[in-house]
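There are 2 protein chains.
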Amino acid sequence: MPSFERRVPEGDDRERMICADCGHIDYQNPKVIVGTVVALGGKVLMCRRAIEPRRGFWTLPAGYLELGETLEEGAAREAMEEATAAISLDGILGVFSVARIGQVQVIFRGRFTNPDRPQFACGPESLDVALFDWDEIPWTEVAFPTVHWALNAWNACRSGPPGVPAGNPPTDPRGVHGIGPVPKVE
Amino acid sequence: MPSFERRVPEGDDRERMICADCGHIDYQNPKVIVGTVVALGGKVLMCRRAIEPRRGFWTLPAGYLELGETLEEGAAREAMEEATAAISLDGILGVFSVARIGQVQVIFRGRFTNPDRPQFACGPESLDVALFDWDEIPWTEVAFPTVHWALNAWNACRSGPPGVPAGNPPTDPRGVHGIGPVPKVE
Chain A
11 MPSFERRVPE GDDRERMICA DCGHIDYQNP KVIVGTVVAL GGKVLMCRRA IEPRRGFWTL
71 PAGYLELGET LEEGAAREAM EEATAAISLD GILGVFSVAR IGQVQVIFRG RFTNPDRPQF
131 ACGPESLDVA LFDWDEIPWT EVAFPTVHWA LNAWNACRSG PPGVPAGNPP TDPRGVHGIG
191 PVPKVE
Chain B
11 MPSFERRVPE GDDRERMICA DCGHIDYQNP KVIVGTVVAL GGKVLMCRRA IEPRRGFWTL
71 PAGYLELGET LEEGAAREAM EEATAAISLD GILGVFSVAR IGQVQVIFRG RFTNPDRPQF
131 ACGPESLDVA LFDWDEIPWT EVAFPTVHWA LNAWNACRSG PPGVPAGNPP TDPRGVHGIG
191 PVPKVE
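Chains A and B are the protein sequences, given in the same order.
Quick note on the working numbering: the first sequence kicks off at 11 and runs consecutively.
Quick note on the working numbering: the second sequence kicks off at 11 and runs consecutively.
Treat the hints as calculated values from the structure; they're not laboratory data.
Be careful, since some hints might not be right.
What the hints assert, rightly or not - With the C-beta cut set under 8 Å, the calculated list includes, among others, these residues of chain A facing chain B: (1) Val18; (2) Asp22; (3) Gly66; (4) Gly112; (5) Val114.
What the hints assert, rightly or not - According to the in silico footprint, chain B covers these stretches of chain A (three or more CB under 8 Å from chain B): (6) 39 to 52; (7) 100 to 108; (8) 125 to 132; (9) 145 to 152; (10) 166 to 175.
To be verified - Which residues of chain A face chain B? A few of them, derived with a C-beta cut under 7 Å, are: (11) Met27; (12) Ile28; (13) Cys29; (14) Gly33; (15) His187.
Idealized CB from N, CA, C, for every residue including glycine.
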């Protein structure tokens with residue numbers, strides 16, 4: 011029956027929740043969202059959310075990374091849970107920071123493991139699952155800004171080399187990855 | 011004075027710590043380590059750890075991402091805390107999963123913000139801070155495997171385009187990003 015108090019631990023500079031009995035520090039840190047743009051023949055797999063937040067809006071198969079998983083395992087699990095889809099991954103499309111809500115998002119590019127017989131259906135957290143051509147994506151019903159960012163990153167490479175992962179867009183400069191090329195100093 | 015019990019919440023499939031009084035679920039998820047290979051004229055900045063684990067061994071300026079930070083802000087903060095170095099970032103070198111200890115690591119490439127007068131010194135968590143040529147790196151005293159992975163990713167690009175971020179090496183296949191190019195199906 012732990013009793014927690016909020017104070018700055020010795021040697022730290024932030025308040026943490028600390029157990030008054032045993033001194034255990036319950037660090038709260040950002041969480042990792044992992045997801046995938048699963049593509050097939052120029053179409054992308056999207057899920058209509060059956061849960062809040064943004065119930066009824068469209069998203070990518072994605073969710074919280076769990077303890078014990080690699081990013082790749084988490085992405086594949088989410089595609090299975092939300093769209094019953096067996097997928098393979100082939101690179102990272104985006105690495106996004108959503109600092110306001112304490113999230114880091116890592117979005118992969120993927121494909122159906124059996125592209126000749128792609129299988130997908132609603133998992134318990136989805137109202138609908140569908141493949142959309144780029145021009146068919148229900149843009150006004152997209153659940154989160156990061157879904158736009160990830161789709162744009164996919165559209166920039168499609169089935170070509172994924173290249174440098176996208177970061178937050180310039181309109182959100184705190185999460186932009188770079189400042190341009192490093193000057194050649196060697 | 012919360013009293014927590016460990017059980018599987020409704021609609022979930024994993025045990026979580028749940029407050030018996032209010033039903034609050036204390037999700038425990040992997041944490042994000044963010045760090046930087048800060049390079050100057052072919053040398054890289056490393057810090058000798060003053061804290062456990064691996065006290066006395068050499069690492070990169072890196073640490074836990076904090077709530078409210080973007081990845082970039084966390085990487086810059088760690089370089090300041092551990093090496094009193096003001097840095098700028100220009101891309102992601104590696105995205106690693108260390109599932110055994112519940113970590114995701116995002117490692118940037120960086121430079122001193124003022125490369126003409128690079129400034130660095132020991133922060134409270136460092137015993138020593140130094141710039142090393144590749145052949146001078148104390149390889150047998152490197153703190154963690156991911157430091158090797160990040161340094162190798164830097165050495166593969168140096169000051170050229172960072173390209174696709176490294177994942178875990180093939181010897182650790184659960185965290186390898188890709189399965190090769192996506193077949194052209196469009």
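Right, here's what the structure says about each hint:
With its C-beta approaching chain B no nearer than about 13 Å, Val18(A) sits outside the 8 Å limit, and its interface hint is violated. Because the beta carbon of Asp22(A) sits about 11 Å from the nearest beta carbon in chain B, more than 8 Å, this interface hint is broken. Taking 8 Å as the C-beta cut-off, the interface hint given for Gly66(A) is violated, the closest approach to chain B being about 18 Å. For Gly112(A), the shortest C-beta to C-beta distance to chain B is roughly 5 Å, which falls under 8 Å, so the interface hint holds.
At a threshold of 8 Å, the smallest CB-CB gap from Val114(A) to chain B is about 5 Å, leaving the interface hint in force. A count of 8 residues in the segment 39 to 52 of chain A with a Cβ less than 8 Å from any Cβ of chain B is obtained; the coverage claim is therefore met, three being the minimum. Judged by the Cβ-Cβ criterion of 8 Å, the segment 100 to 108 of chain A is covered by chain B as claimed, because 5 of its residues qualify and three suffice. Counting residues of the segment 125 to 132 of chain A whose beta-carbon sits less than 8 Å from any beta-carbon of chain B gives 1, not enough to reach three: the coverage restraint is violated.
Counting residues of the segment 145 to 152 of chain A whose CB lies closer than 8 Å to any CB of chain B gives 0, which falls below the minimum of 3, so the coverage claim is violated. Counting residues of the segment 166 to 175 of chain A whose CB lies closer than 8 Å to any CB of chain B gives 7, which reaches the minimum of 3, so the coverage claim holds. This hint is violated: Met27(A) has a C-beta 10 Å from the nearest C-beta of chain B, more than the 7 Å allowed. Taking 7 Å as the C-beta cut-off, the interface hint given for Ile28(A) is violated, the closest approach to chain B being about 13 Å.
Using the Cβ-Cβ criterion of 7 Å, the hint placing Cys29(A) at the interface with chain B is not satisfied: the shortest such distance is roughly 11 Å. Annotation: interface hint on Gly33(A) violated; nearest CB of chain B at approximately 16 Å, more than 7 Å. This hint holds: His187(A) has a C-beta 6 Å from the nearest C-beta of chain B, less than the 7 Å allowed.
In summary, the numbered hints that this structure violates are 1, 2, 3, 8, 9, 11, 12, 13 and 14.
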